[in-house]
Amino acid sequence: MKLFKNTYFILSAMVLTLVMPSCKKGFLDIVPDNLPTLDNAFVNRSEAEKFLFTCYSGLPDEANLNTNPGMNTGDEFWINPITAPFGQIGTLEPFNIAQGLQSKISPSMNYWDGSGGGKSLWRGIRNCNIFLENVDKPIDLAPYEKERWIAEVKFIKAYLHWYLFRMYGSIPIVDKNIAVDANIEEVRVSRQPVDSVVNYISNLLDEAASGGSGVGLPDKIQAAATEMGRITKPAALAIKARLLVTAASPLFNGNPDFSGLRNKDGQALFNPAYDAKKWQRAANACKAAIDAAEASGVALYQFVPTGLQVADKATKIEMNIRNAVCEKWNKELLISSVVGNTRNIQMNACPNLFLAPQFDNGLSGQLAPTLKMAEMFYTKNGVPINEDRTFDYDNRYTLKTVTAQDSAMVNGYLTVGLHFNREPRFYADVMFDGAKMYMQSNQKPPIPIYAKTNAISGKKQNIIYSISGYYTKKLINMNLVIGATGGVTTENYPWPIMRLADLYLLYAEALNETGDLATPLIYLNKIRDRAGLPTVENSWTNFSTNPGKYTNQAGLREIIQQERAIELAFEGSRFWDLRRWKKAGSALNAPVYGWNVSVEGGATTSLADLNKNAQEYNTRVLLFNQTFVSPRDYFWPIRENNLQVNPKLVQNLGW
Amino acid sequence: MTKQTKYQTKTIMYRRIFTWGSMKYLCYLLLLMATAFESVAQSNNSVTGKVTDVKGGPLPGVSVTVKGSANGSVTDREGKYTVKLTSGGGTLVFSFVGYKKQEITIAGRKTINVELQEDDNTLEEVGIVAAYGATVKKGSLVGSITSISPKELKGPTSNLTTMLAGKVPGMIAYQRSGEPGADNAQFFIRGVASFGSGKIDPLILIDGMESTPTDLARMQPDDISAFSVLKDASAAALYGSRAANGVILISTKKGIDGKTKFFFRAENSVSGNTQNFKMADNITYMKLANEAVLTRTLPGFKSSPEPYSKTKIDRTAAGMNPYLYPNNDWVDALIKDYTMNQRFNFNMTGGGKNAQYYIAATHNIDNGVLKTEALNEYDNNISLKTTQIRSNVTVNLTPTTVGEVRTSGTFDDYQGPIGGGTNVFNQALWSNPVLFPAVYPASASPFEKHPLFGNAYIGSSFLSFYNNPYANMVSGFQQSNTSTLNVQLEVKQDFKFITPGLSARVMAYTTRYSKFDFSRRFNPYFYGATPTDASGQNYNISLLNEQSGPTEYLNYVPGTRTANTRTDLQAVVNYNRTFAEKHNVGGMLITQMSNYVTANANDLQAALPARNQNLAGQLTYGYDTRYLFQADYAYNGSERFAKKNRFGFFPTVGVAWNASNEKFFEPLRSIISNLKLRGSYGKIGNDAIGNPADRFFYLADVNLNSGGASFGTDNGYFRPGVAINRYPNENITWEESRTLNLGLELSLFNSLNFVFEAYKTHRSNILMTRSTIPTTMGLAAGVQTNVGEAESKGIDVSMDYNKTFGAFSLQARGTFTYATNKLLVNEEPNFGALTYLSRVGNSLGQNYGYIAERLFVDDEEVRNSPRQAFGNDPVRGGDIKYRDVNGDGIISGLDIVPLGLPISPEIVYGFQVAGGYKKFNIGIFFQGSTRSSMWINPGNITPFHLNGPFQNGLLKSIADSYWSEDNRNMNAFWPRLSSSINPNNSQISNWWMRNGSFLRVKSVEISYDISGKSVEKLGLGSIRLYANGTNLFVNSSFKMWDPEQGGNGLGYPLQKVYNFGLNVNF
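Residue numbers (our numbering), protein chains in the order written: chain B, 1 to 655; chain G, 656 to 1721.
Some clues are possibly wrong.
Claimed, not checked - The calculated lysine to aspartate or glutamate pairs, modelled on EDC-like cross-linking and capped at a C-alpha distance of 20 Å, are:
hint	chain 1	residue 1	chain 2	residue 2
1	G	K1298	B	D61
2	G	K1299	B	D33
3	B	K331	G	D1369
4	G	K1611	G	E946
5	B	K648	G	E946
Calculated directly from the structure, the hints in this document are not laboratory data.
Just so we're clear, the structure is a prediction, and the values are computed from it rather than from any experiment.
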């Protein structure tokens, strides 16, 4: 046994000798100490600024047809459904919603999870929270700047919540980040009642907009070259106004349809009781926003011709309307989409304008307004076409010949009565076979639009073309240039999320609901004046079959709503407005029509050839029978998978 | 106890003392004997003789003992021995590694010459190579180690991995491709037991050096002295972290002192594809292409134009000029029927008392079956030339110190078509056969020096062309050169002067791997033909692609360069001694460090070295050869984990009972010659978890220059943003595997041996991305955690039978491996009532898809069935009808169910029978696998589908059985034709699932040995002539391609090989 003992001792000693050198510290410590971690993002002002910009980059891209859930999803536009694999529009995710193909398995425009064309806004909210938790760390960040950044990030956090609220109704509130290693119960958040969500967002926006002049958010961007596009106080107040008007609207205020939507513990998520005070609160928010905006120099846009630009009255009014959207950083803009670029929209809106090779310049014209939208615009007298005593509504699909008086169309052209004697916004917003378009690049005269098959602007192949025969002129910046060899230059304008006209209309709408029938007319008339129309009082009194319509709340509500649909047409507003007015059920359960665009015109640009087959071309054809399932389709489905991952989540009704 | 058993015990004991390396005990045998002799009485009688092999060559090192006594000796360099005897009688026992033991009665003789017969199957004498080079006698084995004779791995192939299937009990192996250089078989020890993106294949150690499957593939059986597979926790425990998926251990031969012996082998083989996929004729192709357009036109709509005119079809059918009416058989145009391959191996061994060497050289030439273009000066066919040089030198530094230096280099020179051989086979199907000929005859444009390739424009763009697979194949080549260099130094010291039984060794090695490739190609000239009259016979050709700048010269495209190196240092202390003749005590302590660096890292984290540290130990105790106990531990460190989890402790215990050594067993021993039961249980870790790029789980991965936003009037002020790619998680730790292994070894009548093993492994801590984190958390990256659990179990059986009847000998061997597994814990959401969506309880390799019921009868039935909205194409009669499993009226992701069996087979088996008569030998080996499913990828074979320049051809199986308006066969192989991939029909469903079982005649061999005077006259020792073949026949229910290729059916087929070879010893 002694031998055994000795042996073991010697063995142990040997092993120690062998093992010791390998145990020296560091053989497995191969990672250098200064690998980037989240702490590095807040070491100084310069790094923290990157994180601020990260928060901004979490905002949705609203300037893009594939990602703006309000654009190609309703009844304003129609596209060729077989566009997907080849077309400029890219994905059909938004269009799936327009076609009633939304699904809970793989939802389109899924801004909850970040799929189906959407991005995860929760991810953006998490970044905002990270920023707010860490913004005290950079030592070289001046206090005034820190306050501004905090206000900006609070705004972004509020905006992301608002965006989800508008899509899903009741949503969870993520005010503080949940730790990555939190246990399973902690991560399972539940949806909050609509009223709480609204109050939360509203408070957050108040915090963002708080402070006097020079504190927190700026009233107006001073360093335009480097800061244009960042959030201002009027912007934050304007979004608050939109939030509260939405919350006061019929979809959320006194809507019994969703009283059955409850959390699993029985908590009701929708308050079915109507509360008139919500409208007053909304009106106050609108007024505050208008005051702040006007004080900082925001005003309705007016076109001021310079240099060689055309200055006739009709063109000036057309440019008032078009440039209120398309002129970069014009004075009407309250808040624009930080993310995105409008080139894609313009390329899809604009048809081919010259006899260039069909594919080469990329102008597709496939973002086609529906006939319904064409009929929405007022007559030249400023009243709806079916109310105007001077407008031959019944024969609106009958051909007429354009005369020299109809300056917005090609003289001698044959087109339907619907296109005659309409308000300037009609000609500024849409183009059709025989219409004209003013372009800065081509100087004068305006370019004629020939839209029959095989004509310059018409259908040339089976995939990419305007399926209705209309084109969205409103979204095309006048500085679009078609190069001699086919390349197209576009001017990238900031996509308006909200402009002053929108705010005026929200204010008018809210006031009308509070019983004030006078003040709304002031704001409506400001907008009508800019668009070259007489006042509401004049128009209705003199031309309407229902002259007293504006004198009662219901009539004025209708007027405000149509004014809004026209003024904000093609800007992605109607989709949401129809929902909050609870009118989608009727408006979106209707057929979508267009013209018979497959009819060929003549081979030359002689008038006889241009008018060839005009009768066949100007035949109304059914494009689609839209369906809207109420109340299901008022809100997005939460992707089914989420309910499995988080059993505390409940699905929206009907999905 | 009898004297005999005492002696045996002692022998075993001494062997265990000195055996750390493979086959190393020979060097110590003399020493051992000398020690052993001390304890026995001296005697004056002696017997002498010479031991030779069957070919008459002397066998040095053969152990000669007197049965029942402690007397014995070993043969010298000339094979001569002298044994002292205590009496005139008794029996001599001759035993030697790899040879059958012989017992000869002395009967008073003074000279006894013996011829020993080779024995491929028993390695009992030398023992089995176990972890860290220790050799264990089979009887002392506690863990599950399978040892295969290197001869079993011989075959007419230069890829060792292709020989594994069916030979190794406990190994699941299959080969998916026959392309030279890309024909490695996949192999898993006891199947795949883990999931996720971590390592699932075994650790391969060649002479203790961590190696890749390709290193294993390049090994020559001639150079291998031992091949072991460590399967259970007890066997693999010492390797700790790296051994969770089993270990393959290979030892190369070492020098034997004596006169230099040479060995030479030359083989030439003819190889061809086992099976090519079959195409329909081109008239059918065109008719069906037209039908595909017509049949998809919705009622009331105008059809798109048919792609092929009646004139073209008629004139092609009439056999008019094929340059005007092309009628290509691309398989025939691209692929040869057979190719020739050569293999050469040469080795020599010899040396003196102080130094011995083993030197080997190998050169293998593997060619592809691709055709070449006579006008090209280069060869575009695949050619893989592999050269391997190996030198193992053993030096006796002091009487107790041995040094060994092992160096080897493997050099692959590859040349082949750009994109590889699989690409060529794919394109034989993915190319339009009737639009253009492969190449026009040179006479069509006599002044051009380049090949006049045919082609046609796609559509009207005049810029895009179809794929001419022939032009594509011959218009260039790619080349790659790979070098693998290994250098290893090992020093062993016997510390018997400190205490008997103590020894130690230190080993260090480095491997250097480098590879570079490049390609050269010309831009082919494409021509189109136009008829010059109405006859359909005369034509002119004109250049089509002047714009794209065709060239007659080759340009150069650089490829990737890969380099990496591994350095490893290990030290082992060994102790083994028997006390009081019954108590065998052994111990081993190991420390190892390894460092791996790659030159091909894309970021800082990937560029950091990968390191492992291992401190392991073993304690063995054996009582009287009947009861064996073994305990192991490994204490492993990995750089991948946070400090607190950096080291893992993995212990294992095992016991064995040699029942047949019990006294009460003696009456049975004539029938049951050996019966042993053993069992082990232990834990092994694995740090190769997760995505290889995702190395440091405890560190955040933050990109401070990602995304961002811009502001300013012209968006001129941009700042990048911050992106989080990984959240730090310090808790991520080792994946663990707990294995229970039970074994039964049984020998009957000394000739029929069975080994049964059953095991159950529980894998836990499998790294998974947490699926319980809702998206409302807003995390930018998945959170991973050690939560997954899986169980695998199975049985391995091997059987062998050896019997000699006079001049006849008969051998039979069989193996059977069944390995199955089950997911126990999966990160998955709560599926509520839809329990079938859960993966728990299913195999790790389970496939999921829709249930295809049949084809729709007509459009009316489609309208009345649940909505199948896959893409925008309307679903029609003749399309696949899926089952609405959850009954919600829509076929969606919620209707996906488990389908079939895993693609990796659960059962692999093999059996061989060999017989010999005098110098003739013949053998046949069957190999099969079952319990697997294979999947046809419908997108790959959708006829007429145009994907870029690739337009699919038509497989004969589709032309033979498809749904048509005229023949509404609801169970046809192919649904309603379409001219592009139909999204409804290309979903994963059981429609495309097939049984992957097969049984094949894997190899047949016939050989003849020549030895004796006639050969000696030539100065040679012996000559062996043999002919063999592999993959000669396969039986399977699947006929479209070789079933072993599975889903890779359009790839390079497995090869059927006929081989002739010659071995010379001198």
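Run through the hints listed earlier and report the numbers of any the structure violates, in increasing order. Violated: hints 1 and 5.
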